[in-house]
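Student: Here is how the chains run, residue by residue.
Number of protein chains: 2
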Amino acid sequence: MPDGYSPTPRAKIKRSHKRARYDKATVFEILDAAQMVHVGYAIDEQPYVTPTMHWRDGDTLYWHGSSASKMLRAVRTGIPACVTAAIFDGYVLARSPFHHSANYRTVMAFGRAQAVEGRQAKEDALYKFMEELWPGRWDACRENYTQEMKATCVVAMEIEEAAAKIRTGPPVDDEEDYANVKVWSGVVPALHKYGKPVADDRLDPDTPLPDYLSPYRGR
Amino acid sequence: MPDGYSPTPRAKIKRSHKRARYDKATVFEILDAAQMVHVGYAIDEQPYVTPTMHWRDGDTLYWHGSSASKMLRAVRTGIPACVTAAIFDGYVLARSPFHHSANYRTVMAFGRAQAVEGRQAKEDALYKFMEELWPGRWDACRENYTQEMKATCVVAMEIEEAAAKIRTGPPVDDEEDYANVKVWSGVVPALHKYGKPVADDRLDPDTPLPDYLSPYRGR
Chain A
0 MPDGYSPTPR
10 AKIKRSHKRA
20 RYDKATVFEI
30 LDAAQMVHVG
40 YAIDEQPYVT
50 PTMHWRDGDT
60 LYWHGSSASK
70 MLRAVRTGIP
80 ACVTAAIFDG
90 YVLARSPFHH
100 SANYRTVMAF
110 GRAQAVEGRQ
120 AKEDALYKFM
130 EELWPGRWDA
140 CRENYTQEMK
150 ATCVVAMEIE
160 EAAAKIRTGP
170 PVDDEEDYAN
180 VKVWSGVVPA
190 LHKYGKPVAD
200 DRLDPDTPLP
210 DYLSPYRGR
Chain S
0 MPDGYSPTPR
10 AKIKRSHKRA
20 RYDKATVFEI
30 LDAAQMVHVG
40 YAIDEQPYVT
50 PTMHWRDGDT
60 LYWHGSSASK
70 MLRAVRTGIP
80 ACVTAAIFDG
90 YVLARSPFHH
100 SANYRTVMAF
110 GRAQAVEGRQ
120 AKEDALYKFM
130 EELWPGRWDA
140 CRENYTQEMK
150 ATCVVAMEIE
160 EAAAKIRTGP
170 PVDDEEDYAN
180 VKVWSGVVPA
190 LHKYGKPVAD
200 DRLDPDTPLP
210 DYLSPYRGR
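These protein sequences, in sequence, are chains A and S.
Counting along the first sequence from 1, when you hit position 79 you're at 78 in numbering that gives the first Met the number 0, and nothing is skipped either side.
Counting along the second sequence from 1, when you hit position 149 you're at 148 in numbering that gives the first Met the number 0, and nothing is skipped either side.
Honestly, the hints are just simulated from the structure, not real lab data.
Here the structure is a predicted model, which is why all the values come from computation and not from measurement.
Check the hints yourself; a few may be wrong.
Chain copies aren't distinguished; within one or between two, either way the pair holds.
Below, a list of computed lysine to aspartate or glutamate pairs in the EDC-like style, where the Cα atoms sit at most 16 Å apart [stated by the list, open to error]:
#: 1; residue 1: 181; residue 2: 205
#: 2; residue 1: 121; residue 2: 147
#: 3; residue 1: 181; residue 2: 203
#: 4; residue 1: 181; residue 2: 210
#: 5; residue 1: 192; residue 2: 88
So that you can see chain A by itself, here it is in the shape it has in the complex (with noise of 0.2 Å):
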């Protein structure tokens, strides 16, 4: 395969193997759509799954949060983890209930995190977070304190393996059960949508939305 992943049992999608990719194109596309992941890890056998934030960096994943976090404590030290990413794009209603099922796009991405060291690695990483999101925003903003750079954790997680997993379209149903007309049958699509920006009460009103920002506006 061209740019994509090999994967070992860990990774490779068993059910349902026609929704499976392992391109880095599909599995960096969906990464960089998600609005947060969810990063799981294990300490003494009990697994925990934290919703976070994230970016990405080429075939590193990057998040970061409290340098007192339960979760970046553990993941820092290099322990197995899994970043998955899931979009909800809707309910499929078929005409039995067997077939139901959803539309969606996953990404499970396995590697092992290690904190990003030293202050200005840490302020690059987390410069390219704010960046994507809203350019020009870092810089109009004041510059970290020391402190708060101290108390700030960034993991770099390389992505060791990968499998995307996708689901679009109607019901696929049994032959004989599209026959049976009582049943509206099709799609409840999900949508993605962001609301108006909603200034701080204590914003000067004069101050203009960013460009940036604009994107967001009713759409």
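Model the placement of chain S on the given structure of chain A, informed by the hints.
Tutor: Positioned in the frame of chain A, the structure of chain S alone reads:
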């Protein structure tokens, strides 16, 4: 606490503990509002995080899938599981990079799953799942075939303990930063809506949209 979980260190929220809730009313409300959950489990110290649809009956969470599913085959053995629901409610843009945040509602629920045994018990559980999404739809569909029920695994996890974490509202900046009028600050709300239902191409066009889908229409 009247009707809530008494978290052990596993579920206790350490960071931003003012955002933590352990009462069942809050935990259940978030679980019921989430379109899906992420199921965390570990095999030989390798964590996995699998997104899936879910439903709830009292203190018990349910999810289902193929009897051959790797995730279901693992969790139904009763290994420790962590089921996380997360709803992203928007971006919080502060005047300093450090105080940027997100609004969200999350639940981490801990327990051990087991398979629901017996055809009737499985049917009852699946009925509840569909009936809560689309009242009356189950009875309009044809009945399940024996082979379909054999191919379906339903698992139930009594919630041993759970924690909710919620952030709402505007950014909270350092007092001295409120004077920085260069930076727009506030919240960009994320919306969770549904598009108009899309009928299957093979649906008889005279089939009416059922009442239980009309709330999804354009809202």
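Student: Which holds for residue 121 with residue 147 at a C-alpha limit of 16 Å: within a copy, between copies, both or neither?
Tutor: Classified as within: same-chain Cα gap 11 Å, cross-chain 52 Å, threshold 16 Å.
Student: Given identical chains, is residue 181 near residue 203, meaning Cα to Cα at most 16 Å, within a copy, between copies, both, or neither?
Tutor: Between. Shortest inter-copy distance 9 Å satisfies the 16 Å Cα cut-off; intra-copy 58 Å does not.
Student: Taking 16 Å as the upper bound on the Cα-Cα distance, should residue 181 and residue 210 be classified as within, between, both, or neither?
Tutor: Cα proximity of residue 181 and residue 210: across copies only (13 Å, versus 50 Å in one copy).
Student: When no copy is named, should residue 192 and residue 88 be tagged within, between, both, or neither for a Cα gap of at most 16 Å?
Tutor: So residue 192 and residue 88 pass the 16 Å test inside a copy (12 Å) and across (11 Å) alike.
Student: Pop the pair residue 181 and residue 205 into one bin, within, between, both or neither, using alpha-carbon distances up to 16 Å.
Tutor: between (57 Å within a copy, 10 Å between copies)
Violation of the numbered hints given earlier is absent; every hint is satisfied by the structure.
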